[in-house]
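Novice: What follows is the residue order along each chain.
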Amino acid sequence: MAKVGVYVCHCGSNIAGVIDVSAVRDFAESLPDVVIARKDLFMCSDSGQEMVKQDVRDGLVDRVVVAACTPRTHEPIFRAAIEKAGLNKYLFEMANIRDQASWVHGNDHEGATEKAKLVVASAVGKARHLQPLHDKFVDVTNAALVIGAGIGGISAALELANMGHKTYLVEKEPSIGGIMAQLDKTFPTNDCSACILTPMMVQAFNHPNIETLAYSEVADVDGYIGNFNVKVRQKQTYIDWKKCTGCGDCADKCPSKTPDLFNGSLSDRRAAYIMFPQAVPKKAVVDIEHCLNCAGRTIGTQPKINEKTGKAILAPCERACRAGAIDRSLPLDPGGTIKEIKVGSIVVTTGYQVMDKGWFKEMAPASPNVITALQLERLISATGPTGGKLLRPSDNEKPHTMTFVSCVGSRDVNFHTHCSRFCCMYMIKQARLLKEKYPDLVINMHFIDVRSAGKGYDEYYTGAREMGINFFKGKVGGLEILPGDQLRVLAYDMEAGQSIEYSSDLVILATAVELPPDATALAQKLGLQFCGNDFFRELHPKLGPVETAVAGLFIAGCCQGPKDIPDTVSQAKGAAAAAAVPLAQGRVKIEATISEIDSQKCSGCGICEPLCPYHAISMRDYTDRARGVIERHAVIEMSSCKGCGVCTSACPSAAIKLHGYEDEQIYAQIAALTA
Amino acid sequence: MIIDQNKIDETIKIIKANGGHGIQKCVQCGACSAICPGVKAGFPLLCRALIKDLLNGLLEENIENSSSWGCQACNRCTEVCPQGVRPQEVVFAFRRYQANELAFSTSAVTSQMNLYETGHAVFTDPKEARRKVGLPEETPTSAFNEAAQQEIRTLMDNSPMGELGLF
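Protein chains in written order, with the numbering used here: chain V, 1 to 675; chain F, 676 to 842.
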């Protein structure tokens, strides 16, 4: 017979302010198998835990019920306590009389006390039938995967690699570096972006523990914490990277032009191209969608022969390549190649995109002189299309008056309700850089309000005012195209209570930060969830900011929510530390409260298999030698099972047992609640 | 409203030259106006609102506005300003601009004349009241001291005030 001890917690006034704790204790004492019932001001305090431990050590109790708060936060504490006292930790049950009684029935003290009694009775009913359970452990693959090699991914990969873990760094573009590589300078110190980023790119690429997989995408993921199997699709480069020296001769000779996305489409690049001058790895690829197949050199075909010379007629890129890295006769697979890797944990740092101006019909998107802030970065960057000279796109003339428009698509229920967080600061940065370089340039900045939270940020903003940059509170309502590619700005000065109208040469839109469209497919492969439609969801907004609902899968940077470079690097290093935990431990614990299939009862119907949200169930054939037949059974991969109980309740043969939630335990709870 | 950078630059130059050095530090938080007795008394263009107009280059447009003369020089705005603008200095700088353009409010002219003649900006004859409470009729101030008055007139005649030709 079980010896149940019940411990009722006051939780200060959280519980005792509503519930008559003494009455609940007295009631508990009257329940069957209860040998001891005590109460304490704070059961989770040292003295409270010690009370429980002493009763266990004295052999008075062999099942423990604590009537207190939520098991989500406190069950692990009491389980650890009884385990320390020598009792199996699964011989513990929590009665949540705070969330389920005192908090929700604060105006009905008597009713709350009666409900608390029922909740305790139910827990005791279950506790009488609890059985000892044992955690299991599985070994871990000592390697990590970082998806997305912007500044966040590079930071996370370096952190993991420096801790000694093999790290795969996957990047979809031909070069690592992400959006930070497109920036001119960075606030609030005006550090040159490339100057601080490029050394980190090189460091990551050359790190002995980092294997960089550029121009690659995650194709498929299965497995679980400690043992993920990942298929990475290395996209077809059409240029042999083992031979390519990054000289750029192929790009010089390639006749096909297409907008250069790295330059915000403000200039063209060739179909054969190197992403940008400081690219890492510095390798060329052929963008086959825009390739003209010069000289009829479709990939995988033999060249025509010049009848006079007898030589093969090659495409310009092939002829230009002195390293012999381009051979269009090879039957290269447009799908690229699949590389299979095994990792113990995964960090997702896939970043963001800014909204296109085309969404905003009131902002004259048809005008070439209305550009996004990211395009302006390229326009003022020394490696950009104008070599760093501020020239407006329509006529390559230097603008005299320019306008910054904040919150375009952010803080807007028609697009994104979130604040994109770093636009205020980068706009101020761009304005300051331009005002320093061109003191005569008139810069008008229009804000709903200036958000400059960060170390040194507000000083950076107020400094901009003193530089003679004009700030107006009030969102720009619209732009109109005037003759001469000018723009009429329709604005309002809320502080003066005056409408403003003026003609501007160049208008910069701070368009909203959002997830790129391919984020959805990645989320489906990984099991990531979304916060509304906006960003990947973390496990807990405060206490689990880098963890996700999937164990062993972590997120950092702008894919989790808009944040600037310092915040991205901080979060990425945090995610790397969290991702290193299972790798450092070498094995991961499998909770004992998971489901198990009784193969004697399993009919092999397969109902459970598609129901499992964690893909933990598979059907397998077994040979029953005694009977000489092949039988089909469901099998649960214990490391993937989360103990949700869906299969248990669906099984028509009652063949699946969920440990810790067995039938007789649950029936005992129901009986207690309905007594 | 038209945003004219030349006017903005000119306005800021004039205000700074007249002592309102901190004008560009203003972030329009409104603390100065919240504490200003002149704003409470109903003067519409004091502290924040005046600074905003000046930052928009509206100098001449406000030349006849008499709000600035409602400033009592209590300097509470300077105490509460979180950005070190010293709003009262800006208001006074604007007043100096107005004075230089002979754009006094009538109330201001009277007090200037009082100051020139008696050494007190606000002066009422105290004799009757003082006799009732048993005090000497004349106060020991410039009001009844010809030599002191002469000194004050000399100072004012030789100050920028004198150049305005008011006296």
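These are calculated hints, taken from the structure and not from any lab test. Predicted, not measured: the structure shown is a model, and the values here were computed from it. Don't take every hint at face value.
Unchecked claim - Mimicking EDC-like on lysine to aspartate or glutamate, the simulated pairs with C-alpha atoms at most 20 Å apart in a straight line are:
hint	chain 1	residue 1	chain 2	residue 2
1	V	K53	V	E29
2	V	K435	F	E685
3	V	K136	V	E596
4	F	K691	V	E466
5	F	K700	V	D20
6	V	K3	V	D46
7	F	K700	V	E596
8	V	K398	F	E685
9	V	K53	V	E110
10	V	K253	V	D327
11	V	K437	F	D684
12	V	K342	V	D518
13	V	K172	V	D449
14	F	K682	V	E466
15	F	K682	V	D135
16	F	K688	V	D440
17	F	K700	V	D135
18	V	K437	V	E495
19	V	K231	V	D249
20	F	K688	V	E466
21	V	K435	F	D684
22	V	K166	V	E340
23	V	K642	V	D135
24	V	K542	V	D564
25	F	K700	V	D518
Stated by the list, open to error - In silico negatives: residues of chain V with every beta carbon more than 10 Å from chain F:
hint	residue
26	I36
27	N162
28	K473
29	A578
30	D663
Unchecked claim - What follows is a set of in silico ranges between Cβ atoms, one per label pair, in the way DEER data are often shown:
hint	chain 1	residue 1	chain 2	residue 2	range
31	V	D139	F	C704	41 to 51 Å
32	V	V413	F	E736	53 to 63 Å
33	F	C704	V	K361	32 to 42 Å
34	F	S741	V	F530	42 to 52 Å
35	F	C704	V	L391	29 to 39 Å
36	F	E736	V	K361	31 to 41 Å
37	F	C704	V	W103	55 to 65 Å
38	F	C749	V	S47	42 to 52 Å
All C-beta atoms, glycine included, are put in the ideal place defined by N, C-alpha and C.
Novice: Against the 20 Å threshold, does the CA-CA distance of K435 (chain V) and E685 (chain F) hold or violate the hint?
Specialist: 18 Å, holds
Novice: Between C704 (chain F) and K361 (chain V), does the C-beta distance stay in 32 to 42 Å?
Specialist: 35 Å, holds
Novice: Would you mind confirming whether the straight-line C-alpha gap from K53 (chain V) to E29 (chain V) stays at or under 20 Å?
Specialist: 19 Å, holds
Novice: Is the hinted pair K691 (chain F) and E466 (chain V) satisfied, with a Cα-Cα distance of at most 20 Å?
Specialist: 12 Å, holds
Novice: Is 42 to 52 Å right for how far apart the beta carbons of S741 (chain F) and F530 (chain V) are?
Specialist: 59 Å, violated
Novice: Check whether the Cα positions of K53 (chain V) and E110 (chain V) lie no farther apart than 20 Å.
Specialist: 32 Å, violated
Novice: With a cut-off of 20 Å on the C-alpha distance, tell me whether K437 (chain V) and E495 (chain V) pass.
Specialist: Outside the cut-off at roughly 29 Å; violated.
Novice: Going straight from one Cα to the other, do K398 (chain V) and E685 (chain F) come out at no more than 20 Å?
Specialist: 24 Å, violated
Novice: Look at the Cβ atoms of C749 (chain F) and S47 (chain V) and judge whether their distance stays inside 42 to 52 Å.
Specialist: 59 Å, violated
Novice: Can you tell me whether the CB distance of C704 (chain F) to L391 (chain V) sits inside 29 to 39 Å?
Specialist: Since C704 (chain F) and L391 (chain V) have Cβ atoms about 37 Å apart, the given range 29 to 39 Å holds.
Novice: Non-interface claim for K473 (chain V): all C-beta distances to chain F beyond 10 Å?
Specialist: Violated, since 7 Å does not exceed 10 Å.
Novice: Run the C-beta distances from D663 (chain V) to all of chain F and say if the shortest one exceeds 10 Å.
Specialist: 66 Å, holds
Consistency note: the structure conflicts with the earlier hints numbered 5, 6, 7, 8, 9, 12, 13, 15, 17, 18, 19, 25, 28, 31, 32, 34, 37 and 38.
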